[in-house]
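In order, the protein sequence lines correspond to chains G and Y.
All residue numbers for the first sequence refer to our numbering, where the first residue is 325 and numbers rise by one.
All residue numbers for the second sequence refer to our numbering, where the first residue is 242 and numbers rise by one.
Derived by calculation from the structure, the hints in this document are not laboratory data.
Keep in mind that the hints are not guaranteed to be accurate.
Claimed, not checked - Derived SDA-like pairs (lysine to any residue); straight-line CA-CA distance at most 25 Å: (1) G:Lys544 - Y:Pro703; (2) G:Lys421 - Y:Arg690; (3) Y:Lys619 - G:Gly427; (4) Y:Lys697 - G:Glu413; (5) G:Lys480 - Y:Ile358; (6) G:Lys480 - Y:Ser525; (7) Y:Lys619 - G:Asp408; (8) Y:Lys476 - G:Glu413; (9) Y:Lys476 - G:Gly579; (10) G:Lys421 - Y:Ser626; (11) Y:Lys594 - Y:Lys609; (12) G:Lys545 - Y:Ser696; (13) Y:Lys339 - Y:Ile358; (14) G:Lys421 - Y:Arg635.
If you're wondering where the values come from, they're calculated on a predicted model, not measured in any experiment.
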Amino acid sequence: MLDFYDLVIIGGGPAGLAAALSARENGLGKILIAERDNCLGGILNQCIHNGFGLHYFKEELTGPEYAGRFIKKLAGSGIDCALDTMVLEIARDKSVKILNKKGYRSIGAGSVIIATGCRERTRGAIAVPGERPAGIFTAGTAQRYVNIEGLMPGRKALILGSGDIGLIMARRMTLEGAEVAACVELMPYSGGLTRNIVQCLEDYNIPLYLSHTLIDIQGKKRVERVIAARVDENRKPVPGSEKVFDCDTVLLSVGLIPENELSRGAGIEIDPRTNGAFVYENMETSSEGIFACGNAVHVHDLADFVTEEGFRAGKAAAGYILKGGKSSGGFINVNTAGGVSYTVPQRITTEALESKTDLFFRVNRVFGRSEILVRDGENIIRTCRRERMSPGEMERISLPPCSVGGLTVEAKEV
Amino acid sequence: MFDAAIIGCGITGAALAFELSRYKLKILILEKENDVSQGASKANSGIIHAGYDPMPGTKMAALNVEGARLAEELCQNLDVEYKKCGSLVLAFSAEEEKTLELLYNQGVENGVPELEIIRGEAIRKLEPNVSGKATAALYAPGAAVVIPWDYVLALAETAVQNGAELRLNAEVSAVEKTGGFYKIKCGNKKDEIEEIESRFVLNAAGVNSAEIHNMIAPPNFKITPNRGEYYLLDKAQAKIASRVIFQCPNEKGKGVLVSTTAHGNIIIGPDSSDVSDGENTATSLRGLAYVAETARKSVPSLDFRANIRNFSGVRANPDSGDFIIQEAEGAPGFIDLAGIKSPGLSAAPAIAKLAVSMLEQSGLALIKKENFIYTRRKIRFANLSEKDKQTLVRENPNYGRIICRCETVTEGEILDALRSPIIPRSIDAVKRRCGAGLGRCQGGFCSPRVTELISKELCINPLELEQDRSGSYIFTSETKGGGKDA
Numbered sequence: 325m326l327d328f329y330d331l332v333i334i335g336g337g338p339a340g341l342a343a344a345l346s347a348r349e350n351g352l353g354k355i356l357i358a359e360r361d362n363c364l365g366g367i368l369n370q371c372i373h374n375g376f377g378l379h380y381f382k383e384e385l386t387g388p389e390y391a392g393r394f395i396k397k398l399a400g401s402g403i404d405c406a407l408d409t410m411v412l413e414i415a416r417d418k419s420v421k422i423l424n425k426k427g428y429r430s431i432g433a434g435s436v437i438i439a440t441g442c443r444e445r446t447r448g449a450i451a452v453p454g455e456r457p458a459g460i461f462t463a464g465t466a467q468r469y470v471n472i473e474g475l476m477p478g479r480k481a482l483i484l485g486s487g488d489i490g491l492i493m494a495r496r497m498t499l500e501g502a503e504v505a506a507c508v509e510l511m512p513y514s515g516g517l518t519r520n521i522v523q524c525l526e527d528y529n530i531p532l533y534l535s536h537t538l539i540d541i542q543g544k545k546r547v548e549r550v551i552a553a554r555v556d557e558n559r560k561p562v563p564g565s566e567k568v569f570d571c572d573t574v575l576l577s578v579g580l581i582p583e584n585e586l587s588r589g590a591g592i593e594i595d596p597r598t599n600g601a602f603v604y605e606n607m608e609t610s611s612e613g614i615f616a617c618g619n620a621v622h623v624h625d626l627a628d629f630v631t632e633e634g635f636r637a638g639k640a641a642a643g644y645i646l647k648g649g650k651s652s653g654g655f656i657n658v659n660t661a662g663g664v665s666y667t668v669p670q671r672i673t674t675e676a677l678e679s680k681t682d683l684f685f686r687v688n689r690v691f692g693r694s695e696i697l698v699r700d701g702e703n704i705i706r707t708c709r710r711e712r713m714s715p716g717e718m719e720r721i722s723l724p725p726c727s728v729g730g731l732t733v734e735a736k737e738v
Numbered sequence: 242m243f244d245a246a247i248i249g250c251g252i253t254g255a256a257l258a259f260e261l262s263r264y265k266l267k268i269l270i271l272e273k274e275n276d277v278s279q280g281a282s283k284a285n286s287g288i289i290h291a292g293y294d295p296m297p298g299t300k301m302a303a304l305n306v307e308g309a310r311l312a313e314e315l316c317q318n319l320d321v322e323y324k325k326c327g328s329l330v331l332a333f334s335a336e337e338e339k340t341l342e343l344l345y346n347q348g349v350e351n352g353v354p355e356l357e358i359i360r361g362e363a364i365r366k367l368e369p370n371v372s373g374k375a376t377a378a379l380y381a382p383g384a385a386v387v388i389p390w391d392y393v394l395a396l397a398e399t400a401v402q403n404g405a406e407l408r409l410n411a412e413v414s415a416v417e418k419t420g421g422f423y424k425i426k427c428g429n430k431k432d433e434i435e436e437i438e439s440r441f442v443l444n445a446a447g448v449n450s451a452e453i454h455n456m457i458a459p460p461n462f463k464i465t466p467n468r469g470e471y472y473l474l475d476k477a478q479a480k481i482a483s484r485v486i487f488q489c490p491n492e493k494g495k496g497v498l499v500s501t502t503a504h505g506n507i508i509i510g511p512d513s514s515d516v517s518d519g520e521n522t523a524t525s526l527r528g529l530a531y532v533a534e535t536a537r538k539s540v541p542s543l544d545f546r547a548n549i550r551n552f553s554g555v556r557a558n559p560d561s562g563d564f565i566i567q568e569a570e571g572a573p574g575f576i577d578l579a580g581i582k583s584p585g586l587s588a589a590p591a592i593a594k595l596a597v598s599m600l601e602q603s604g605l606a607l608i609k610k611e612n613f614i615y616t617r618r619k620i621r622f623a624n625l626s627e628k629d630k631q632t633l634v635r636e637n638p639n640y641g642r643i644i645c646r647c648e649t650v651t652e653g654e655i656l657d658a659l660r661s662p663i664i665p666r667s668i669d670a671v672k673r674r675c676g677a678g679l680g681r682c683q684g685g686f687c688s689p690r691v692t693e694l695i696s697k698e699l700c701i702n703p704l705e706l707e708q709d710r711s712g713s714y715i716f717t718s719e720t721k722g723g724g725k726d727a
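Start from the sequences, fold in the hints, and give me the full structure.
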């Protein structure tokens with residue numbers, strides 16, 4: 325006899341935890357969280373810096389503290405957790421195949437929430453040439469070594485890319501007594517939050533080289549030196565602009581990719597702009613009864629927003645089951661124009677059009693003083709002003725009730 | 242006293258060791274690196290060529306065709322990941338079509354079965370992503386792909402199972418003939434130099450084979466290291482090519498190919514540039530750009546954003562243009578197997594058989610072992626049926642914990658690797674044995690877990706753990722708090 329859950333949540337990080345709690349609060353019965361690590365909390369467990377919870381708890385917490393608040397709530401809630409458990413497949417009937425030391429089996433599910441987070445882009449993804457010695461880590465892996473395993477990945481590091489984890493690790497390495505030679509960013513703007521540029525680089529006098537990249541990594545056994553160069557407007561290295569950095573470590577913070585191998589396997593439509601599932605405002609994917617939330621949908625800047633998205637997905641999954649397993653019919657697309665890279669949700673169900681919807685998006689370049697325009701057909705139904713926008717900071721607007729066939733979100737400088 | 246000492250444990254050395262281990266002999270393999278398959282044998286296209294490329298009458302021609310024939314059974318018996326996928330050589334002009342004719346005729350003369358020249362849309366029927374500008378192609382259904390380091394490991398492990406002795410970190414610094422045998426000095430550290438004695442010596446030292454030859458005989462060949470750079474794409478791109486897609490060979494070699502791999506990735510490369518240092522396996526902006534641009538001529542839709550790793554390998558280019566398989570002048574029983582560049586991987590089992598017959602002629606008595614082991618089985622969880630997965634985890638729960646999520650490699654498979662005949666002592670040595678870290682996240686997720694398993698199973702302090710080659714340490718110290726249990 326197949327075990328059956330009303331809801332199986334894949335991933336026990338901030339998104340999955342919030343989804344589970346909200347599904348329970350909204351009246352759902354049997355809920356299972358499948359977590360591949362040996363404890364809940366996901367990547368938050370290695371994020372020992374503070375800055376979590378400012379939006380949601382209105383106080384500043386570390387990653388483990390932030391996760392701890394949700395894990396505590398989970399105790400006694402009757403929600404089942406399977407740790408050290410990997411989901412290998414989501415079948416068409418929504419049953420999931422799970423693997424752990426107790427066995428390999430299928431579990432029936434009324435609904436599924438994909439909360440699998442994201443992974444880091446690697447050296448290969450950006451084809452950094454040079455030798456392949458030890459000492460090249462993605463920033464998140466280095467963070468795990470330092471904060472969980474108690475092992476230092478190097479003495480003198482260069483950070484390639486200015487994503488938030490790279491910035492956080494620049495500070496962390498410095499505090500652990502290592503030297504950070506520089507942070508090198510391909511784009512003319514930082515990929516991380518301004519607060520991290522200030523608190524992790526500027527406060528420690530770590531130079532940030534914008535419009536630069538690495539053109540060579542040297543060292544037969546361990547990294548010995550790297551060569552950086554300025555890039556032109558086509559992101560091609562400019563001859564003569566080379567800078568040599570002697571270092572034993574390169575940390576890569578060159579972007580995150582939502583983990584969607586399971587989603588793809590389940591035939592869920594993936595948005596090539598986010599690398600996450602296309603979702604409706606309630607976080608349902610193109611497959612009925614399968615929802616997604618958190619960094620598996622699009623990469624967030626703040627865990628607080630991940631939590632919020634998890635709540636939405638959990639509530640919707642509960643509603644889906646309690647209403648007898650039916651999704652709504654029609655929807656409209658949210659289109660993008662101007663400098664808007666993508667929106668989440670990408671689709672709004674017709675029944676949600678009458679209520680207010682929060683819309684998240686990123687711009688594809690740095691904007692000065694600008695306007696965000698939302699069109700409903702030809703009519704502008706909302707205008708928001710911003711002093712500055714950058715791709716490293718997620719934007720959020722709330723949509724008024726709207727009516728017709730298709731919304732467009734556009735950003736333009738004024 | 243050993244009967245035979247093999248210098249170098251790449252594909253040639255491993256095939257020799259395997260072939261010799263059929264007989265009642267004391268065999269020693271000397272490898273200067275800390276694992277086998279560390280030179281060109283781990284960084285190449287992984288192709289078992291059909292055998293139409295080499296000029297008829299050359300050693301390459303005969304040994305390629307024979308080696309490719311032997312490879313299929315070997316790989317089956319030794320559980321090497323092998324896929325007989327077939328290959329295409331594309332022609333883009335009338336002139337190149339003439340080259341195809343030439344290759345076809347060479348192939349027929351070399352004894353390559355089933356060759357066929359196909360034209361126009363028949364090409365796209367086989368490989369829909371091939372450029373519409375390709376007018377004809379030489380189709381060789383017998384070409385195959387293997388995981389080259391797995392092939393080396395399979396041969397070397399089986400030789401070890403059959404009693405051959407393998408010494409790692411044993412760089413040869415001198416060879417000397419004394420009476421009826423050879424004295425070889427080896428060892429990587431000055432204070433750990435060891436002298437071993439062997440009646441016969443086989444020089445399979447790859448890019449360093451001329452150097453080894455010159456220790457015992459007057460120089461009579463030159464090896465020029467020649468580097469080739471590659472891209473490896475995510476398995477999600479697998480549909481791009483299901484065969485090996487070559488362009489017409491030119492003076493630089495077989496040119497840039499786009500191919501499926503035995504694991505189901507897409508491999509793209511190599512270029513060709515002479516390097517002064519046989520260990521120069523760097524990649525370069527220029528080389529990678531050339532590979533990408535040239536490969537797009539065959540398959541215009543290649544998406545290099547799906548790249549997961551770049552690497553390069555160094556060919557041992559012989560000045561003679563052909564494999565150098567000879568008894569060294571004035572050194573009876575010292576056999577060179579040098580200049581084994583492409584199609585060396587394909588030819589290896591045949592090269593080994595030829596070398597063994599040369600040893601026999603030189604006076605080595607070959608008496609077959611009754612209990613020769615000619616089998617090797619590995620558990621690859623991801624490839625098992627649903628039912629076998631269930632049974633396996635029930636019998637051994639270690640197969641129920643995934644360590645490498647990209648390639649679905651379990652703790653059980655990593656422990657199997659750590660207990661295999663040639664014990665892996667680095668992260669990449671484990672990767673080569675069970676695939677953990679080969680996937681799209683390139684070990685970002687599994688490295689900390691593999692580190693923990695290696696440290697625990699082999700009692701290695703993580704601070705001494707290496708990424709790959711000797712000296713490639715991963716960690717520089719503990720954190721201020723001091724290690725995991727602090």
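Holds or violated: Lys545 of chain G to Ser696 of chain Y, with C-alpha atoms at most 25 Å apart: holds (20 Å)
Pair hint Lys697 of chain Y and Glu413 of chain G, alpha-carbon separation not exceeding 25 Å: Distance of about 31 Å is beyond 25 Å: violated.
Holds or violated: Lys619 of chain Y to Gly427 of chain G, with C-alpha atoms at most 25 Å apart: Cα-Cα ~20 Å, so holds.
Proposed proximity, Ser626 of chain Y with Lys421 of chain G (alpha carbon, max 25 Å): holds (13 Å)
Holds or violated: Lys619 of chain Y to Asp408 of chain G, with C-alpha atoms at most 25 Å apart: holds (24 Å)
Restraint check for Lys421 of chain G with Arg635 of chain Y, where alpha carbons must lie at most 25 Å apart: The given pair, whose Cα atoms are some 15 Å apart, holds under the 25 Å limit.
Satisfaction of hint between Ile358 of chain Y and Lys480 of chain G, Cα-Cα up to 25 Å: Cα-Cα ~57 Å, so violated.
Given hint Ser525 of chain Y paired with Lys480 of chain G - CA-CA distance at most 25 Å: holds (24 Å)
Distance restraint between Lys476 of chain Y and Glu413 of chain G, which requires alpha-carbon spacing of 25 Å or less: holds (17 Å)
Restraint check for Lys544 of chain G with Pro703 of chain Y, where alpha carbons must lie at most 25 Å apart: holds (20 Å)
Restraint check for Lys421 of chain G with Arg690 of chain Y, where alpha carbons must lie at most 25 Å apart: Holds: Lys421 of chain G and Arg690 of chain Y sit about 23 Å apart, inside 25 Å.
Satisfaction of hint between Ile358 of chain Y and Lys339 of chain Y, Cα-Cα up to 25 Å: holds (11 Å)
Hints 4, 5 from the earlier list are contradicted by this structure; the remaining hints agree with it.
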